[in-house]
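J.: Listed below are the residues making up each chain.
Number of protein chains: 2
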Amino acid sequence: MGKDQTMNRNKPPWYAGLEAGGTKFVCMVAAGPDNVLVQTSFPTTHPEETLGKAIAFFKEHRPFAGMGIGTFGPCDLNPASPTYGHLFTSIKPGWKDADILGTFRQAFDVPTGIDTDVNAAALGEFTWGAGQGLESILYLTVGTGIGGGGIVNGRMIHGLMHPEMGHIRVPRISEDGSFAGICPYHGDCLQGLASGPAIQARWGKPADEIPADHPAWQMEASYLALAVNNYVCTLSPNRVILGGGVMHQKHLFPLIRAQVKKLLNGYIPWPMILEKTADYIVPPALGDQAGVLGAIALAMQTVEAG
Amino acid sequence: MGKDQTMNRNKPPWYAGLEAGGTKFVCMVAAGPDNVLVQTSFPTTHPEETLGKAIAFFKEHRPFAGMGIGTFGPCDLNPASPTYGHLFTSIKPGWKDADILGTFRQAFDVPTGIDTDVNAAALGEFTWGAGQGLESILYLTVGTGIGGGGIVNGRMIHGLMHPEMGHIRVPRISEDGSFAGICPYHGDCLQGLASGPAIQARWGKPADEIPADHPAWQMEASYLALAVNNYVCTLSPNRVILGGGVMHQKHLFPLIRAQVKKLLNGYIPWPMILEKTADYIVPPALGDQAGVLGAIALAMQTVEAG
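Protein chains in written order, with my numbering: chain A, 1 to 306; chain B, 1 to 306.
The hints are simulated quantities; they were obtained by calculation from the structure and are not laboratory data. We put the beta carbon where it would ideally sit given N, CA and C, even for glycine. Hints may contain errors.
So these bits of chain A aren't anywhere near chain B, every CB distance computed over 12 Å [what the hints assert, rightly or not]: (1) Pro47; (2) Glu49; (3) Arg202; (4) Gly204; (5) Pro215; (6) Gly245.
Straight-line Cα separation of at most 16 Å, EDC-like style, residue types lysine to aspartate or glutamate; simulated pairs [unchecked claim]: (7) Lys262/A - Asp279/B; (8) Lys262/B - Asp188/A; (9) Lys92/A - Glu135/A; (10) Lys250/A - Glu275/A; (11) Lys250/B - Glu275/B; (12) Lys24/A - Glu60/A.
Take the sequences, apply the hints, and build the full model.
T.: So this is what it looks like as structure tokens:
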């Protein structure tokens with residue numbers, strides 16, 4: 001990207017996007033998916049070091065008109081709250097109560113918006129990816145954790161706090177009776193049964209070392225299909241986007257689609273579900289960039305809102 | 001209401017509201033919950049008779065500025081579709097493909113809006129009831145069927161079709177292992193396990209004949225709590241409103257609240273859930289009038305939208 005950086009630097013406005021994930025931080029300065037000035041990523045360690053690295057990166061690549069942050073959570077997203085932009089409970093040691101938003105607002109004097117990493121990814125796909133032109137989409141990431149974000153009537157879901165879709169309860173697959181689940185809060189919630197670490201705990205090796213014909217994948221698809229069935233019945237999205245590390249196993253998609261159709265059993269008689277399932281349940285068009293590009297889209301929205 | 005009718009008749013504008021439920025139709029002409037001109041209800045039989053009765057009632061009580069319909073479903077709510085306002089599949093014999101909206105648009109030359117009965121009830125509570133001033137609410141009815149409607153960022157959830165929240169899958173309660181569930185489409189989806197007819201099928205008598213200390217209620221509360229947990233994790237509503245015939249059993253509320261808290265287990269660290277659960281999971285402030293008043297609110301919205 002070296003040459004383009006210099007060429008593009010003079011074409012404002014630029015935006016800063018941060019995907020603050022539980023596993024890694026991704027930082028980007030861009031004006032959209034086809035106009036990325038610079039990008040970096042590093043593992044999420046303790047807050048001081050990780051936030052410090054992000055600040056150093058963005059300082060080096062100023063100026064930008066605004067900043068968007070998609071963060072892991074749960075996070076306080078109520079602008080009227082004294083702890084707006086802080087993390088609450090966190091499964092990640094050391095991050096409880098971390099003031100994510102305040103840290104960047106203090107470092108950079110630009111409009112800065114914050115949302116969940118998965119709401120940001122949903123916004124990214126809605127703006128430039130598989131959700132373009134749709135009224136309502138669901139974005140689910142299946143990786144170290146499971147999280148979902150959503151756009152309803154063109155706007156991100158907030159309400160009381162923000163969605164925590166990985167923590168829904170689904171029926172147990174009968175062959176999986178003895179596995180307790182690995183969520184420290186709920187044991188066998190969806191995240192406890194179907195996240196990357198759950199697959200590793202159940203089968204004794206990481207997901208990317210398990211061959212495509214292993215029964216692990218039919219079970220994984222069954223759990224994710226039960227979850228997608230529940231989200232579809234609750235939110236009625238125009239499209240379901242499944243991203244994250246586990247979904248790099250592309251053979252999961254046809255398995256999940258077939259199971260979702262079976263679960264809905266014709267009750268939602270929509271061609272999109274009955275016939276065009278391959279267009280209904282899809283990978284992110286922005287791939288693994290959905291989150292950080294969503295943070296760029298959030299920065300743009302924040303600047304626009306003034 | 002006789003005298004008031006004559007007195008109020010001259011105070012326009014009036015609106016027509018129809019709650020077209022699978023069990024009964026409720027028809028109202030009103031200008032809000034404190035200004036009801038006239039109301040009637042009758043059982044849902046076959047479409048010709050039932051729709052005919054509703055038309056006759058509204059003809060008798062003209063004029064009104066607009067009409068709102070909250071209907072059972074599933075129903076086509078896409079204004080661009082040739083079957084807009086028609087039912088799709090219906091569990092109710094004879095109603096498949098019934099043109100609910102067209103029937104009333106043909107009979108009355110006023111702006112007419114249509115939505116699901118439960119989205120209408122959510123809108124009613126949002127406008128005049130337990131959802132006033134909130135950004136996002138969930139309304140669940142538990143009766144002959146189970147259905148949910150929702151307001152997100154002040155607007156009803158549509159997307160691909162509309163929510164069908166009664167058809168989510170939840171884990172089976174261990175004591176309930178042998179009951180197959182009564183949903184003709186899904187067997188043991190939530191509606192198949194926890195609707196009024198499911199209670200009757202499992203215990204051999206209707207819900208309102210089962211005493212409050214019977215184990216049926218702890219099981220019912222457990223299923224509804226699993227569902228509420230899932231909706232809260234997916235939609236993050238500011239309030240959860242539980243209505244419908246089964247929820248007339250008020251002793252269910254404390255049981256459900258306790259179970260939801262247990263299921264969330266502190267992961268959503270919000271005072272509304274941790275401490276004020278009695279303010280978070282509530283009966284409809286409009287009681288059994290939520291649906292038909294919601295239809296009145298929908299009529300108002302439709303006239304306003306022009």
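J.: With reference to the structure, classify each hint as holding or not holding.
T.: A quick look at each hint next to the structure:
Distance to chain B confirms Pro47/A as a non-interface residue, since its nearest Cβ pair spans about 18 Å, more than 12 Å. Against the 12 Å criterion, Glu49/A stays outside the reach of chain B, whose nearest CB is about 25 Å from its own CB. Listed as a non-interface residue, Arg202/A keeps its Cβ farther than 12 Å from every Cβ of chain B; the least gap is roughly 17 Å. Non-interface status of Gly204/A relative to chain B is upheld: no Cβ of that chain comes within 12 Å, the nearest being about 25 Å off.
For Pro215/A, the requirement that its beta carbon stay farther than 12 Å from each beta carbon of chain B is met, with the minimum near 21 Å. For Gly245/A, the non-interface assignment is confirmed: its Cβ lies about 21 Å from the closest Cβ of chain B, beyond the 12 Å cut-off. For the suggested pair Lys262/A and Asp279/B, the alpha carbons sit about 38 Å apart, so the restraint of at most 16 Å is broken. For the given pair, Lys262/B sits about 14 Å from Asp188/A by alpha-carbon distance, which is consistent with the 16 Å threshold.
The hinted pair formed by Lys92/A and Glu135/A fails the criterion: a straight-line CA distance of about 34 Å is larger than 16 Å. Annotation: proposed proximity of Lys250/A to Glu275/A is violated, straight-line Cα distance about 20 Å (limit 16 Å). For the suggested pair Lys250/B and Glu275/B, the alpha carbons sit about 20 Å apart, so the restraint of at most 16 Å is broken. Taken as a hint, the Lys24/A and Glu60/A pair is broken in the structure, with Cα atoms around 20 Å apart against an allowance of 16 Å.
The earlier numbered hints that this structure contradicts are 7, 9, 10, 11, 12.
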